[in-house]
Each structure stands twice: as structure tokens, then as C-alpha cells.
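Asks: Listed below, chain by chain, are the residues.
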Amino acid sequence: MYLPNTDLQVKEMLEALGLKNLDDLYAGLPEGLKIGKLDLPPSMGEQGIMNTFSDLAGKNKVYRTIFRGAGAYNHYIPAVVPEMANKERFKTGYTPYQPEVSQGILQAIFEFQSMISGLMGMSAANASIYDGASSTAEAFTMCRDNKRNKVILPTNVNPLVRQTVATYAWAADAVSAEIPHKDGLVDVDALAASIDEKTAAVVVQQPNYFGLLEDVEAIAEVVKAKKAKLIVYSYPIAAAIVKSPGECGADIAVGEGQPLGIPLSFGGPYLGFLACTDKMLRRIPGRVAGETVDDQGRRAFVLTLQAREQHIRRETATSNICSNQALCALTAACYLAAMGPVGLAEVAEQTYSKAHYLQEKLASIGHVPLYTGEFFHEFVTKTPNAHEVVKKLAENGILGGLPLDDDHILWCATEQNSVRDVDDMISVLRS
Amino acid sequence: MKLLIEKSVPGRRSHYLEPGDVPQKKVPDKFRRAKPPILPEISETELCRHYSALESRTFGVNDGFYPLGSCTMKYNPKINEKVSSLPGFTGLHPLQPASEVQGILKAIALTADYLKEITGMDHMSFTPAAGAHGELCSLMMFKRHFETKGEKRTKVLVPDSAHGTNPATVSMCGMESVNLPSNAKGCVDMDELRAAIAANKGQIVGIMLTNPNTLGIFEEDIEEITRLVHEEGGLCYYDGANLNAIAGTIRPGDMGFDCVHLNLHKTFSTPHGGGGPGCGAIGCKDFLHEYLPTPILTREENFLEISEQGDKTIGRILSFYGNILVVLRALSYIMSYGGNGIPLMSKHAVLNANYLQHRLSERFAMSNTGLCMHEFVMSMEKEAAEHNVTAKDLAKAMLDHGMMAPTIYFPLIVKEALMVEPTETEGKETLDQVADDYNRLYDEAMANPEKFVKHPQNTPIGRPDEVLAARKPKVVW
Chain A
1 MYLPNTDLQV KEMLEALGLK NLDDLYAGLP EGLKIGKLDL PPSMGEQGIM NTFSDLAGKN
61 KVYRTIFRGA GAYNHYIPAV VPEMANKERF KTGYTPYQPE VSQGILQAIF EFQSMISGLM
121 GMSAANASIY DGASSTAEAF TMCRDNKRNK VILPTNVNPL VRQTVATYAW AADAVSAEIP
181 HKDGLVDVDA LAASIDEKTA AVVVQQPNYF GLLEDVEAIA EVVKAKKAKL IVYSYPIAAA
241 IVKSPGECGA DIAVGEGQPL GIPLSFGGPY LGFLACTDKM LRRIPGRVAG ETVDDQGRRA
301 FVLTLQAREQ HIRRETATSN ICSNQALCAL TAACYLAAMG PVGLAEVAEQ TYSKAHYLQE
361 KLASIGHVPL YTGEFFHEFV TKTPNAHEVV KKLAENGILG GLPLDDDHIL WCATEQNSVR
421 DVDDMISVLR S
Chain U
1 MKLLIEKSVP GRRSHYLEPG DVPQKKVPDK FRRAKPPILP EISETELCRH YSALESRTFG
61 VNDGFYPLGS CTMKYNPKIN EKVSSLPGFT GLHPLQPASE VQGILKAIAL TADYLKEITG
121 MDHMSFTPAA GAHGELCSLM MFKRHFETKG EKRTKVLVPD SAHGTNPATV SMCGMESVNL
181 PSNAKGCVDM DELRAAIAAN KGQIVGIMLT NPNTLGIFEE DIEEITRLVH EEGGLCYYDG
241 ANLNAIAGTI RPGDMGFDCV HLNLHKTFST PHGGGGPGCG AIGCKDFLHE YLPTPILTRE
301 ENFLEISEQG DKTIGRILSF YGNILVVLRA LSYIMSYGGN GIPLMSKHAV LNANYLQHRL
361 SERFAMSNTG LCMHEFVMSM EKEAAEHNVT AKDLAKAMLD HGMMAPTIYF PLIVKEALMV
421 EPTETEGKET LDQVADDYNR LYDEAMANPE KFVKHPQNTP IGRPDEVLAA RKPKVVW
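In order, the protein sequence lines correspond to chains A and U.
Going by the numbering used here, 323 is the number at position 323 of the first sequence; the sequence numbering is gapless.
Going by the numbering used here, 415 is the number at position 415 of the second sequence; the sequence numbering is gapless.
Be careful, since some hints might not be right.
Here are some chain U residues pointing at chain A (derived, C-beta under 10 Å) [said to hold, decoys possible]:
no.: 1; residue: 33
no.: 2; residue: 51
no.: 3; residue: 84
no.: 4; residue: 101
no.: 5; residue: 110
no.: 6; residue: 173
no.: 7; residue: 218
no.: 8; residue: 278
no.: 9; residue: 293
no.: 10; residue: 318
no.: 11; residue: 332
no.: 12; residue: 358
no.: 13; residue: 363
no.: 14; residue: 370
no.: 15; residue: 426
No lab work stands behind these hints: they were computed from the structure.
The beta carbon of each residue, even a glycine, is placed where N, CA and C say it ideally should be.
Go ahead and model the full structure; you've got the sequences and the hints to work with.
Replies: If you want it as C-alpha cells, here you go:
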């Protein structure tokens with residue numbers, strides 16, 4: 001318990017208020033609603049809590065070798081990153097409502113926005129959204145109006161993202177439509193045919209759910225021709241060396257920032273990012289840090305463009321988001337700074353090379369690729385008895401790819417997988 | 001202060017990777033980025049100094065009094081950080097089979113059980129990442145409920161004292177807010193409520209309510225309010241922002257609420273992180289269970305599993321299962337208090353708020369003169385009109401005295417509002433010091449208003465030009 005007031009102090013305070021005991025504070029509450037007792041175990045000491053959690057943690061299996069991605073990626077986290085992000089003031093403070101004493105967190109958010117927009121090739125970004133899926137849903141809201149209320153998602157966009165967008169769209173009485181992929185890639189002609197005058201936006205994932213590299217420029221061309229907006233769901237590590245959403249003509253770039261220094265953590269907290277063109281800045285949801293000057297002309301940072309937000313606009317706001325994933329954004333910014341342009345490109349190059357090595361080795365023992373397109377860090381193999389295969393790997397301490405069904409596995413490699421990891425896995429599969 | 005990019009020196013590095021050990025492959029030219037992204041090139045030393053400097057320009061809970069009303073900025077226990085950072089939790093991939101993650105699922109199930117008891121709800125979901133996300137999820141569940149019943153209802157009752165997220169959420173769900181004016185005390189006006197229900201017969205989705213409300217007053221007519229809404233076929237949603245006032249003594253479920261969201265980063269002490277990650281856990285009664293977002297935690301005998309929901313679910317609202325490490329911290333906190341401690345936690349929070357309100361009421365106008373709950377609202381309306389000293393001016397003066405300012409200009413129904421929530425983790429001597437400081441600042445303001453509005457002077461920057469920031473937005477370097 002964390003109650004500093006002693007019995008004597010409590011007594012003094014009650015006396016000052018003219019009350020006899022703590023229960024008198026609740027005199028105005030309906031008697032009939034008060035519960036006599038809260039049915040929970042009694043309070044525990046710190047040692048007991050530590051032991052309980054150690055036991056719970058011990059009942060989970062943590063893998064050293066991971067070949068699974070599908071939305072959560074095992075990249076190396078430099079030691080400096082959590083050290084910086086865990087600083088007490090960053091962790092315990094709240095939204096910088098008072099900029100004079102919050103310059104540190106505001107500047108950290110501003111730097112995150114700068115690095116993410118640069119990486120995405122866009123000109124603006126917000127302070128973050130809950131995760132990649134919800135940022136995609138918010139991006140669609142930015143594109144909608146009374147005339148255009150439909151979003152198109154090809155089925156090679158991560159299903160968890162598609163489902164989340166569909167939920168938000170349903171709630172807002174908007175439409176979310178899916179079109180089939182062709183050989184794992186966006187079928188550009190089919191996409192062109194499916195965009196109508198109601199279509200507000202198209203979402204494309206780069207690299208897509210199957211790890212394949214899309215021709216985003218060609219997609220952007222057909223989307224623009226129909227006056228819809230293009231939302232690119234980008235893998236931020238790949239963006240270091242692959243054409244950025246901005247270069248390809250995206251209106252909005254979104255994605256999952258977890259690969260940027262955030263541990264796997266059973267799915268959260270993660271980091272949704274959202275970057276856009278200048279033109280769309282005033283439609284961006286949530287908090288945005290901006291640079292200005294103070295009363296003496298010194299550089300200063302504030303939360304800005306607040307006229308968009310729920311606390312000002314109430315029922316006419318387009319999003320209700322306020323708290324986001326600020327500390328994860330700070331973590332990602334620190335990761336990007338620790339890596340720098342050269343380090344980040346190396347992570348991307350190694351990830352790419354290792355995924356290709358893995359794919360070749362798997363193909364050599366009969367796990368042939370399902371698709372032939374260029375891929376980045378993930379790929380699908382035709383693998384009969386997929387679940388059994390993955391189970392066998394688990395028994396040997398390896399988290400294999402994700403079975404998509406009983407005949408296909410989605411594999412992933414990162415810079416953390418060594419030649420030995422791959423070779424060891426291949427020998428398990430051979431045995 | 002300089003930006004990271006301004007400290008950059010071409011060719012300098014911080015992190016060095018292990019050299020790659022596989023044959024190098026190149027991304028085909030067709031897909032290659034023309035120019036590398038502009039990122040800082042900086043040494044690890046400089047990187048650490050940069051973040052140390054940023055930290056010194058940030059105010060945390062351990063720097064002093066942090067009475068941000070409606071945000072419950074209580075102390076964040078260190079043990080919570082320690083247990084939630086165990087590698088047995090942080091190293092788990094979200095798509096591992098259930099048999100490999102029974103420990104973390106058990107932790108989630110335990111937290112759910114404890115929170116069900118605290119809220120009086122039948123089911124919990126931890127997927128919503130923040131309070132606003134929990135609100136959205138709850139309203140989506142209401143929408144699905146009426147869709148399933150084949151009823152078209154679109155009107156949601158929202159008191160004028162409500163947080164802005166409430167009406168914004170209503171709009172995100174394709175519904176309309178019906179504004180409920182408060183009575184003179186700042187509570188739901190029962191005549192207005194009856195009139196609003198009568199005027200929107202057959203269309204009422206439900207009501208969104210915080211109790212105690214944003215003025216720190218418990219809605220005495222709560223049972224009648226929920227009864228009237230239910231009588232009309234509507235549903236009742238509880239915004240858990242103010243649960244810290246009543247936990248362990250009164251439960252939203254018993255007040256007649258069908259659905260709640262809790263801010264684990266408020267009531268249950270998980271850190272606010274400068275604006276997240278939080279957790280907007282939601283709870284609901286049995287009859288709404290099928291609408292909960294997918295997936296949910298299920299239990300068969302002693303085996304826990306994350307399962308897809310049936311057809312009636314609102315669907316998915318996040319890629320995975322929510323900010324789980326935040327849930328672990330909340331569990332650690334609940335264990336620390338236990339069944340005996342949770343009611344005490346809230347009583348101490350209410351005691352601290354009342355004591356501080358009492359110590360300030362000689363000078364400051366209070367929106368409510370009786371006992372408050374865990375927070376109270378003061379108004380500088382008179383001082384602003386007569387002396388040109390606003391709530392904002394007072395807030396800035398507090399910053400100069402090493403304190404975080406309270407929430408200002410909220411709730412909107414009180415002019416020049418300062419909303420003070422001390423929480424239970426402050427001791428009497430701190431409250432006495434704060435009262436002395438606030439009262440002294442008040443006297444200074446009245447004695448010399450021209451000088452007073454020049455605060456802050458001792459902070460890293462003076463008052464920023466917010467108009468310039470909005471007119472010519474510069475949001476990246």
C-alpha cells in the first residue's frame with residue numbers, strides 16, 4: 001500500500017473537517033449501494049508480489065530463436081534505448097498540458113514526428129496512435145467525407161489490420177471493402193476497376209502480409225486517377241532502404257512502430273504511427289507537438305492545432321483519441337537516433353539477406369515458396385502438415401513461422417537470426 | 001535547446017551491429033529508396049546527454065505535487081515496473097500457442113477477476129489501449145446490441161459536464177449526442193433528463209456518465225437515472241475516470257451501469273508515460289458479453305486461451321490484446337492493496353481532497369461547498385473579472401513554485417476552473433505546504449495583479465506563443 005498519512009494525521013484531518021471517521025466522507029452516498037466487503041485476497045507485501053510474478057513469468061516459454069513475424073517482429077534493441085525511455089520523468093509525467101515545464105517530453109515527441117515523417121518521406125506526423133491497426137483505421141477517417149465513405153483493402157493486407165479498419169468503418173456507418181490479391185500481390189487492374197466515386201481511400205501494405213514488395217507507384221497512379229487517397233501501411237525497418245510511401249505518392253503513411261526498439265511483450269504496448277502530406281495536416285487525429293517561440297523569443301514546443309481535437313470540438317471532432325503511446329514513440333525516436341541512417345539501413349539489409357537465406361534453405365528441403373514475387377523479410381512456403389512442423393520446431397526450442405492453414409507457413413527473419421539458427425532449424429526439419 | 005539533428009555529425013555512429021553472416025543480397029533497384037532518410041548521426045554519449053537534458057526539462061510525479069484533476073496522478077510504485085519487465089513477459093510473441101503462455105494469461109485472468117469484483121461487472125476486456133478507446137468500444141457494443149435487436153436508435157445522453165471524448169465518441173459511432181444541462185449543483189438535472197428522454201422516445205441508445213462527476217460530486221440520484229434510462233430501453237455506460245473516489249465501497253455495476261471503462265493508468269497507478277501507453281479496460285454485464293471485441297480470454301477447466309468471439313462481436317479494435325504490460329502493473333498494484341486496502345485507498349484520496357479544499361476555501365471560490373469526492377473545482381471567475389488574474393495565470397505561478405498546475409478550464413460548466421485532484425499518495429504535510437503556497441499566491445495575485453501575470457519566470461521557457469504555433473504549424477524539423 002502507498003498511503004503516507006498516519007492514523008494520527010488521518011484523525012487530525014478528519015477533525016479539521018468536523019468528521020469522526022473515514023466512512024463519514026461517504027455520508028452522501030446511497031447507503032443501499034455500499035458493499036460491506038470487497039471479496040479480494042488480502043494485501044500482499046512486495047516480496048510476495050515479486051514471487052507471484054516470477055512464478056507466472058516462469059510459466060511462459062520465451063524463445064531465443066524466432067522465425068515468426070506476422071505483425072510483431074524480433075529486432076535487436078540496443079541497451080541505450082530502454083535506459084533512456086525508462087527515465088523516471090518521461091515515464092511518470094502526463095500529457096504536456098503545461099508546456100513551460102514539459103519541454104523535454106514535447107521536444108521528444110517533436111523529434112519522433114520528425115524522424116517518422118522523414119523515414120516515411122512525408123511532411124508531417126502526429127504524436128502516435130495506439131498501434132498499427134488502429135492508426136490505419138484513423139487514417140481512413142481522415143480521408144472520409146459525406147460523398148466518399150468507402151475504403152478498399154486488398155486481402156494481402158495483414159488480416160488483423162483489415163479487421164480493425166472494418167470495425168471502425170462499421171461503427172461510423174462507412175464501408176470497408178476487400179478485393180482479392182493476385183499471386184500474393186495487389187491486382188492493379190482489379191483495384192482500378194473497384195474504385196468508384198464513393199471510394200475515399202485505398203490501403204496497401206509495403207511489404208505486404210506475405211512479405212512481398214508491392215509496386216506502390218503503380219498503385220498510387222490508379223488511386224490518384226480516381227481521386228481517392230492512398231494510405232500505405234509501411235514496415236518502418238524496410239523503409240530505410242525501400243522506396244518510402246512519400247516517394248511513391250502516398251497521402252498518408254501508417255504502420256506498426258514496434259520493430260523500432262519495442263519488445264514483443266505479448267502484443268503490447270506497441271506504437272501506431274501516422275504521417276501525412278502537408279495538405280492533410282489539419283485533418284490529422286490526436287496530439288501534435290509543434291515548434292514556436294516563448295515570450296523571450298526562445299525556441300519552445302507546444303501541443304498544437306488543438307482546434308481539431310475532442311476537448312475543443314466535442315461532437316464535431318473526427319476522432320476521440322487523446323492519450324496515445326507517447327513513451328513508445330519516445331522509445332522509437334531513441335532507437336532511430338541510436339541506429340542513425342547507416343545502422344538502420346544495415347538492419348534492413350541484414351534482415352533482407354537473412355530472410356532470403358532462410359527461404360533458400362527451406363526451399364532446398366522441399367518447403368517451396370508459394371509466391372514468386374520479390375519479398376523483403378517474410379515469405380510463405382507450401383508446407384504440408386504445417387501445424388505439426390511448427391510443433392516439432394517448438395519442441396526443439398525454435399519458434400517457427402506462423403501456420404496460415406494446414407499447408408502454408410508464413411516465415412520471417414530479422415538481423416537477429418544467424419546462419420547457425422537457420423542451419424540448426426533445417427537439421428531439425430530434416431530429422 | 002538544440003535538436004538531436006542539430007547535434008548530428010556526418011559519419012558518427014552510436015550502435016554497431018554484428019556483421020552479417022549470410023551472403024549479402026540487394027533489394028532490386030526498382031524498389032530501392034533514392035536517398036537514405038535523414039536521421040541523426042550521433043555518438044552514444046551525446047545520445048545519453050540529449051535525453052538527460054530532455055528529462056531535466058520534464059516534470060514527473062516524483063518532482064512535486066501533481067494535482068491534475070481527472071487524471072489521478074498518483075505515485076507509480078517501483079515494484080510494478082520490476083514485475084512487468086520480467087523477460088518471461090516481455091519476450092513473448094503475441095502469436096505463440098496458448099500452452100506456451102499460460103503464465104501471462106493467468107495474470108490477465110486474475111486482473112479480470114479482481115476488476116470484476118471492484119466494478120460489479122461480469123466480464124472484462126483489456127484490449128482498449130486508452131480511456132477514449134474503451135469508450136469507443138463500449139459505444140460500439142451498444143450499437144451492436146440494438147442492431148442485433150433490430151432497433152434503430154441514435155441518441156446518446158451526455159451531460160454538459162462530460163469530458164470531450166464522450167460526445168466525440170458518440171459521433172465516431174454514427175450517433176448523436178443529446179446535451180444534458182446540469183442543475184445548479186453541477187449534477188444531472190432530473191427534470192432535464194426526463195424531458196430529454198420524453199423528447200427522444202424510442203431513440204435513446206443510452207447515457208454516458210462519470211460518477212462522481214467532473215465536479216467531484218457523487219450523483220445522488222444515480223439509481224433513478226439508470227432506472228429511467230433502462231425503462232426507456234436504453235443502456236448505461238460508466239466512464240471510469242473517477243473510480244479512484246469510490247473503489248471498494250460502491251460499484252458501477254450496482255449503480256445500474258451495463259458497461260464501464262477503467263483507466264488503469266489512473267486508478268491502478270500505472271505510469272502515464274507522458275501521454276500513454278495506458279489501458280482503457282472495459283467491463284460489461286452478461287447480456288453484453290457477446291458484443292465484446294474479439295479476441296477474448298476464455299477458460300476451460302484450468303486451461304486459458306485467447307479465442308475468437310462469435311458473430312455478434314463488434315469486431316477487432318487493435319492488432320493484438322491491448323497494452324498487456326500495463327495490465328501486469330495494475331495487477332501488482334491491486335495485489336499490494338488487496339480486499340482490505342482498496343477501499344482505504346479511495347477513502348484516503350477523498351480525505352486528501354476534502355482536507356485541501358477545506359484549507360483553500362477561505363480564499364478560493366469552490367464550485368461546491370459541501371464535501372467533495374476525490375477532487376474539487378475552484379473558480380477564478382471573479383478574480384478574472386475584477387483583477388484580470390485568470391486560472392491560467394494562477395497555474396503559471398504554481399509552475400514557478402515547483403508544482404504542477406491542476407487541470408484548468410475543465411469542466412466547461414465552471415468558468416475559469418481549476419480542477420484539483422491530490423490523490424491518496426500525498427501526505428498531510430505536503431497538503432499543508434500546498435495550501436500555504438496556493439493561499440500565498442492568491443494574496444500575491446490580489447496585491448499585485450500586473451506583476452502576477454508575468455509568471456512563469458523560473459521555468460525552462462516562458463509562456464509560449466501558441467497562436468503562432470497553430471497559425472504556422474512547424475511539426476517536423
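Asks: Looking back at the numbered hints, which does the structure fail to meet, lowest number first?
Replies: Hint 13 is the one this structure does not satisfy, whereas the remaining hints hold.
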